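Top line first, the protein sequences correspond to chains A and B.
Residue 66 in the numbering used here is what sits at position 66 of the first sequence, and the numbering runs on without skipping anything.
Residue 1195 in the numbering used here is what sits at position 195 of the second sequence, and the numbering runs on without skipping anything.
In case anyone wonders, no lab produced these hints; they're calculated from the structure.
The structure presented is a predicted model; accordingly, all values stated were derived computationally and were not measured.
Cβ atoms here follow ideal geometry from the backbone N, Cα and C, with glycine treated the same way.
Please note that a few of the clues may not be correct.
To be verified - Between beta-carbon pairs, the in silico distance windows are: (1) PRO266/A - ARG1074/B: 19 to 27 Å; (2) ASP316/A - LEU1199/B: 57 to 65 Å; (3) LEU365/A - SER1195/B: 42 to 50 Å; (4) ASP349/A - LYS1257/B: 26 to 34 Å; (5) ARG410/A - ASN1055/B: 45 to 53 Å; (6) ARG410/A - PRO1244/B: 50 to 58 Å; (7) ARG1054/B - ALA86/A: 26 to 34 Å; (8) VAL1148/B - SER75/A: 29 to 37 Å; (9) GLU249/A - LYS1257/B: 28 to 36 Å; (10) LYS1073/B - TRP82/A: 57 to 65 Å; (11) PRO1244/B - TRP82/A: 42 to 50 Å; (12) GLU249/A - SER1195/B: 35 to 43 Å; (13) GLY393/A - ASN1169/B: 27 to 35 Å.
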Amino acid sequence: MRLSRTIGWPLAPWKSGSELRRPRTSPFAPLNIKPTQRLASACALGLLLLATGANSLAQDDEAAALGLADRAPESAAQPRSWRLFAEGAMEQANMHFGLPDEQLHRATIDLQVDQTIAAQWRVVLADRLDMGDVQNLNGTASISDVNTLKEVYASWAAQTGLLFDAGRINPRLGAAAGYNPTDEFRSDAVRSVDSSDPVSLRENRMGSVMIRGQSLWTGGSLTALFSPKLDSNANTAGYNVDLGATNHEDRWMLIASEQVTESVNPQLLLWREQDNAPQFGLNLTGLLGTAAVTYLECSAGRSPSLAAEAMVLPRDTAFRSRLAGGVTYTFENKLSLTAEYEYSGAGMDASQWRAVQAGPLATYLQLRVFAFDAQDMVTRRAAFVLATWEDAGIRDLDLKAWTKFDLIDRSRMIWLEARYHWSRIEAALQLQYDSGTVLSDFGALPQARIGTALIRYYF
Amino acid sequence: MSDRFLRAAAGAALLLAALGAFAAPDPQSILEASDAVRNPDKPFGLTVLLLEYRNGRQVGENTLQVYSRADVKRGQFRSLVRFVAPPRDADKLMLKNGNDMWFFDPSSKATIRISPQQRLLGQAANGDVVTVNLAKDYHAELAAEEDVQDGDRQMRHCYKLAVSATAPNVTYDHLEMWIALGSNRPVKARYYSESGRLLKTAFFRRFQMQLGGERPTETIIIDGLDPNWVTVMRYSDYAWREVPEVWLQRDFLPRFKPE
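Starting from the given sequences, assemble the full structure and let the hints guide the process.
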């Protein structure tokens, strides 16, 4: 099979001598040649000159590259145990429903520390402070400081493959890009919303207080964690650690994974929330060739619908499943495209959704607020398409675009970003469009269009 | 008598020729020896400084820490790569275990599977030039013995090997490699795609005693399509490192805390 490839090599200089040394006609004896032969000889001579010129050019390029290396700086950056950035943002929002336009300003400081304090011991701290016009998931802006204590925990490596942690930890789970049914600790975890981008929502959320143990072996691991109830209600005070948001019920979880083949690595999950039945989860990824990754994330178990959890409908516990599956394909120019299908058996079908939309506004808002805080789907089916392009035509310019399309009510959100980065500074422009009928999934959002300009500096 | 003598002489000549043929270097062994010059035989770590130039001007600088361990079964290196600089990429991790590749971002705590083509930080892909064990996935043939200019602009007598992929889904379809006679040092290499397009040219230089052998501490990579795009890779802080098997999996990435 490889032979055909070898034959396909151009100008293979290691071909046998007989192949290279077989001029049938001497170039110095062109006396009796025909015009076509003369033309062929001229072409051959031209090709020879071209080849010689190209070779010389290649040598010049190589010499220039070696010269650059001779003058290159010597020292490499040293690793640090912390990362700190400051960010300033301005936002212009054009509103739905005739509401007055909004102009918001925000300043942010974000710190992350991961420090070894003794052999086998490390401490992790991640904190974010937003100042100015800070929004929550419901779109309500407050003019105050909002601190988000994302993580603070201690970790002990008892053995190479046996680790324990205690503190506020953010165990981020899920293989999907736009909707993560197995990411149990996402609900009620976001205090301030800088962007609707799923990546931003993951970065800026609080962890939950828990104890966690993990055993690792070659190609697999088992994790067990317990997160206790510490408070009953969320606290919106700016500098509150807000344990009521993240630890308002007892929860436990088991996570197991095993490398089945080089391209298949499933992760199985089992968890339970206080007063609810156990839930099963699966995260599965696979390679399709060298350029595509496919993934499936799902959860299943007996649970109430989202509307029942929001106390909009009576308790209706039944077996329900949630799912997100898709594929990411990467092109040679670093453009990646992801297409994802999302399903929530706890969300509303078309008739249920129409009934809620036609009902009392207070009931509708109660459901929407609950769904925002839970970061769950209010309707049953959605599609998510994401495009990211690094060095998009211009070096250091990254483009990102995604759309979330509600397949029940046909409303959509479109989000676009252009981000340029220097060594320590990033500047970005973001645009968000929300469209759909009144009271649809995305058409009901107060903002019709949001434009954001931000600049970030890494210390 | 003279006829018998001539026959004997012819026989001896044939025998000598046959012995000569047996003594000819085995190109696959040369490739293996060259791999061993680049790659230590035990788990190790090093720091890589990547300097990127366009049209003679430096346009990028990355620092990576690499922890590598050979796969006993496949002989190929598996690596944990920690991004040190620039600051926006600090502490991001990439696990490369053959084509099983994962990327971890400490900000979102997300561990994402990536395809071999998905180069979240393009320059990391040049790591392949350093730690790949070519002899495991490629077949070498001796093309010539010739003098070639090395990275220090000295003419060096080399084996020229024609190296073609035998394993599926490898980064390069085929290579030309120049390996110094006697020392088996890699001197220069050209990497090609399946369509025959030159992807990159690499020079290996600044050989220093590191981890029990003379190893190149600098690789200069010239892009095949745009020769004005040059990447200089400097290796430092060579050290034997504990890289346990349990580290080389997705679930360990959020746990990785280098020394």
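Verification of the supplied hints:
Roughly 22 Å separates the CB atoms of PRO266/A and ARG1074/B, a value that falls within the hinted 19 to 27 Å. Between ASP316/A and LEU1199/B the Cβ separation comes to about 59 Å, which falls inside the hinted range of 57 to 65 Å. Against the hinted window of 42 to 50 Å, the Cβ-Cβ separation of LEU365/A and SER1195/B comes to about 59 Å, which falls outside the hint. For ASP349/A and LYS1257/B, the Cβ-Cβ distance of about 47 Å falls outside the hinted range of 26 to 34 Å, so the restraint is violated.
A beta carbon spacing of about 50 Å between ARG410/A and ASN1055/B agrees with the range 45 to 53 Å that was offered as a hint. Checked against the hint of 50 to 58 Å, the C-beta distance between ARG410/A and PRO1244/B comes to roughly 52 Å, which is consistent with it. A hinted range of 26 to 34 Å holds for the C-beta pair ARG1054/B and ALA86/A, which are about 30 Å apart. Hint check: VAL1148/B to SER75/A, Cβ distance near 31 Å, so the stated range 29 to 37 Å holds.
The hinted range of 28 to 36 Å is satisfied by GLU249/A and LYS1257/B, whose Cβ atoms lie roughly 31 Å apart. In this structure, LYS1073/B and TRP82/A break the distance hint of 57 to 65 Å, their C-beta atoms being roughly 39 Å apart. At about 26 Å, the beta-carbon gap between PRO1244/B and TRP82/A misses the expected band of 42 to 50 Å. Evaluation of the 35 to 43 Å hint for GLU249/A and SER1195/B yields a failure: the beta carbon distance comes to about 58 Å.
For GLY393/A and ASN1169/B, the hinted distance range of 27 to 35 Å is satisfied, since their beta carbons lie about 29 Å from each other.
In this structure, the earlier hints numbered 3, 4, 10, 11 and 12 are contradicted, and the remaining ones agree with it.
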